[in-house]
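> Read off the chains here:
Protein chains: 2
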Amino acid sequence: MRFTIQRDKLVEGVQDVMKAVTSRTTIPILTGIKIVASDEGVALTGSDSDISIESFIPKNQGDEVIVEIKQPGAIVLQAKFFSEIVKKLPTDLVEIHVENHLQTVIRSGKSEFNINGLDADEYPHLPQIEEENAFKMPTDLLKAMVRQTVFAVSTSETRPILTGVNWQVENDSLTCIATDSHRLALRKAKIETEGNDQYNVVIPGKSLNELSKILDDQNDLIEIVITENQVLFKAENLLFFSRLLEGNYPDTSRLIPTESKTEVVVGTKEFLQAIDRASLLGEGKNNVVKFSTIDGDFVEISSNSPEIGKVVEEIPSQTKDGEDLKISFSAKFMMDALKTLEGPEIKVNFTGAMRPFIIRPLNDDSILQLILPVRTY
Amino acid sequence: MRFTIQRDKLVEGVQDVMKAVTSRTTIPILTGIKIVASDEGVALTGSDSDISIESFIPKNQGDEVIVEIKQPGAIVLQAKFFSEIVKKLPTDLVEIHVENHLQTVIRSGKSEFNINGLDADEYPHLPQIEEENAFKMPTDLLKAMVRQTVFAVSTSETRPILTGVNWQVENDSLTCIATDSHRLALRKAKIETEGNDQYNVVIPGKSLNELSKILDDQNDLIEIVITENQVLFKAENLLFFSRLLEGNYPDTSRLIPTESKTEVVVGTKEFLQAIDRASLLGEGKNNVVKFSTIDGDFVEISSNSPEIGKVVEEIPSQTKDGEDLKISFSAKFMMDALKTLEGPEIKVNFTGAMRPFIIRPLNDDSILQLILPVRTY
Numbered sequence: 003m004r005f006t007i008q009r010d011k012l013v014e015g016v017q018d019v020m021k022a023v024t025s026r027t028t029i030p031i032l033t034g035i036k037i038v039a040s041d042e043g044v045a046l047t048g049s050d051s052d053i054s055i056e057s058f059i060p061k062n063q064g065d066e067v068i069v070e071i072k073q074p075g076a077i078v079l080q081a082k083f084f085s086e087i088v089k090k091l092p093t094d095l096v097e098i099h100v101e102n103h104l105q106t107v108i109r110s111g112k113s114e115f116n117i118n119g120l121d122a123d124e125y126p127h128l129p130q131i132e133e134e135n136a137f138k139m140p141t142d143l144l145k146a147m148v149r150q151t152v153f154a155v156s157t158s159e160t161r162p163i164l165t166g167v168n169w170q171v172e173n174d175s176l177t178c179i180a181t182d183s184h185r186l187a188l189r190k191a192k193i194e195t196e197g198n199d200q201y202n203v204v205i206p207g208k209s210l211n212e213l214s215k216i217l218d219d220q221n222d223l224i225e226i227v228i229t230e231n232q233v234l235f236k237a238e239n240l241l242f243f244s245r246l247l248e249g250n251y252p253d254t255s256r257l258i259p260t261e262s263k264t265e266v267v268v269g270t271k272e273f274l275q276a277i278d279r280a281s282l283l284g285e286g287k288n289n290v291v292k293f294s295t296i297d298g299d300f301v302e303i304s305s306n307s308p309e310i311g312k313v314v315e316e317i318p319s320q321t322k323d324g325e326d327l328k329i330s331f332s333a334k335f336m337m338d339a340l341k342t343l344e345g346p347e348i349k350v351n352f353t354g355a356m357r358p359f360i361i362r363p364l365n366d367d368s369i370l371q372l373i374l375p376v377r378t379y
Numbered sequence: 003m004r005f006t007i008q009r010d011k012l013v014e015g016v017q018d019v020m021k022a023v024t025s026r027t028t029i030p031i032l033t034g035i036k037i038v039a040s041d042e043g044v045a046l047t048g049s050d051s052d053i054s055i056e057s058f059i060p061k062n063q064g065d066e067v068i069v070e071i072k073q074p075g076a077i078v079l080q081a082k083f084f085s086e087i088v089k090k091l092p093t094d095l096v097e098i099h100v101e102n103h104l105q106t107v108i109r110s111g112k113s114e115f116n117i118n119g120l121d122a123d124e125y126p127h128l129p130q131i132e133e134e135n136a137f138k139m140p141t142d143l144l145k146a147m148v149r150q151t152v153f154a155v156s157t158s159e160t161r162p163i164l165t166g167v168n169w170q171v172e173n174d175s176l177t178c179i180a181t182d183s184h185r186l187a188l189r190k191a192k193i194e195t196e197g198n199d200q201y202n203v204v205i206p207g208k209s210l211n212e213l214s215k216i217l218d219d220q221n222d223l224i225e226i227v228i229t230e231n232q233v234l235f236k237a238e239n240l241l242f243f244s245r246l247l248e249g250n251y252p253d254t255s256r257l258i259p260t261e262s263k264t265e266v267v268v269g270t271k272e273f274l275q276a277i278d279r280a281s282l283l284g285e286g287k288n289n290v291v292k293f294s295t296i297d298g299d300f301v302e303i304s305s306n307s308p309e310i311g312k313v314v315e316e317i318p319s320q321t322k323d324g325e326d327l328k329i330s331f332s333a334k335f336m337m338d339a340l341k342t343l344e345g346p347e348i349k350v351n352f353t354g355a356m357r358p359f360i361i362r363p364l365n366d367d368s369i370l371q372l373i374l375p376v377r378t379y
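Each protein sequence line maps, in turn, to chains U and S. All residue numbers for the first sequence refer to the numbering used here, where the first residue is 3 and numbers rise by one. All residue numbers for the second sequence refer to the numbering used here, where the first residue is 3 and numbers rise by one.
This is chain U alone, in the form it adopts within the complex:
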């Protein structure tokens, strides 16, 4: 194997596939990055066996030559060292050359690295996925849907299925749901499918977080292929594979109240900031704060930490319908939820102090955040 490549493109590709590489693996070769030089360009692969990422660097981009292949071939290089080395190379052009016995020379300007490689034939194969039934959506919509749901997955392995986000595809619509059984996030959107595909799968939260970091915020379409135990995201020159979680996701539809006894409309930013202030003196590790309807066009946010002190704040509410209410909840959960909501105003629907309540942007039913209250009153 021998090729020259533009350093910046190599650095970019390596950074992408590094997202899948971990030093805590039981398969030693997965601490490396696989490099394959073919007549079309250079493919880089990183994997922790749950997530696998392939970044392809084509020979040319428009009129510009990115890679010049002198001899096709393949090698695996220690990811930690290789990624640091390429970042620090002195010149814009890098030559990579495998000599005898997997010895690999990385040359840039007057700098010459000699690295011990590993046999690329021993690197696990990526999942083989039939791409018949892909559906498509804009990349920025995908990123938004991930951001608006993934924060609510469980971080505990007690119920492993809850560490993933439930993706339901039906009638040209994708619904993403995450819950850690104390709160729930739900986001819906229209997608482009071929035929009337139906899926109900659970994608690990960690995979979606890593995917989000790699994708640029632009509206190019990304292709998504779902199989029995894998999901593949296909962007330009990038393949992102994740295994799916096994097991049935709980039916969350019964959790979501359909009636409302108290409805409040408040400014998103004012509400978020007041919760943030009250959280400073909130109780327990989730910083529990209190919310109550009061006389006039206001609601009250308060908290009390016996040793430190207390805080009370009124914020204006545009609408306030139904029964009076005092309720306590985790300030952290509320702030997490509010940060996912766009638009200047939000609507909160309660069905009593001990029942889950719902937060939505005003006039937008595509997203819903649900929080279970905490018993303090």
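If you are wondering where the hints come from, they were derived from the structure by calculation, not from laboratory data. Careful: at least some of the hints might be erroneous.
It does not matter which identical chain is used: a pair holds within one copy or between any two.
Claimed, not checked - Below, computed lysine-lysine pairings styled on DSBU-like, alpha-carbon distance capped at 35 Å: (1) K90 with K312; (2) K215 with K145; (3) K287 with K334; (4) K21 with K312.
Computed from a predicted structure; not experimentally measured.
We have chain U; now place chain S onto it with these hints.
Chain S alone, transformed into the frame defined by chain U:
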């Protein structure tokens, strides 16, 4: 005590004095910030008993009213909570009001905090310092001298005196020296003294680091007062006290070689970057790399990590005089030293593979970095 104050000025002052506050103190009241409202303005104080910082917020700045004192007085508030609270207050104006029993109300817009205060009379007094013999220097010069020496102090408590920087004042000149016994940093500069002051003290490295963080990079003069066991830095509206380290600083002048057997001049940036690359495959925790003079107008930097691989690089040297040399040293120490040197070129003087060597900017004797080699050849 009762006053209103501009939130931004309060936040600034609190952030400055927080640099001295630690939660790991054996004196409970020092987890608080002392607030004193007088007819002139508001003074904030934070201290960990080694470092004490007073930030003064005057009533007026030019024509602008910053503080309005309604009733003078004093209180101590929990630093961790108070600093978070002021940062998050909703409006530009804050009222602070001590009611009965040290209960303190912090009011901003519709937000009202009620915090349990502590008795300001129980807060330790700041050191009383006679300001007869102050010397002066520009703030940015002080910051440069700290940055160019403090990194070399020892982090081990085996010889506590080496965790500080030695400051010597004599003949209108200040010399700062730091060493951890494997390397040494020395920086000299002219200062303004009143009379012919002479001092030889050791200031804790931690104090100088915190001082640097608070001071702005500008050339206003800062006053420095040294007493038997304290140093006071006086900037506008800011007092920074630090205790001095007790004991005698070792005489480092004998450590610094006066002769040179090999002299090399190289580009600062090229040298730093080559060392940085070689450090990737350097041995041991200090990433030991090798330096050797080679034929032609080059020197060679190399390193070798048996498991991973090796790197060799040549960099051009403008001058190369004296004996040929192979020497090994810590890449970390060399990079730390090079980062403090200004100017495009540096001069390195060696007196043999096992003797300390000196790095200086070309044509600038005000700064010197010394490194002890490592035995590998």
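> Checking K215 and K145: alpha-carbon separation at most 35 Å within a copy, between copies, both or neither?
Answer is within: at 9 Å inside a copy they meet the 35 Å cutoff, but 38 Å across does not.
> Go through the copies and call it for K287 and K334: within, between, both or neither, with a Cα cutoff of 35 Å.
Classified as within: same-chain Cα gap 9 Å, cross-chain 40 Å, threshold 35 Å.
> With 35 Å as the alpha-carbon cut-off, assign the pair K90 and K312 to within, between, both or neither.
Intra 52 Å, inter 15 Å, cutoff 35 Å: inter-copy only.
> Using 35 Å as the alpha carbon limit, work out where K21 and K312 are close: within a copy, between copies, both or neither.
For K21 and K312, the Cα distance is within 35 Å only across copies (26 Å; inside one copy 43 Å).
Comparing the model with each numbered hint stated earlier shows that all of them hold.
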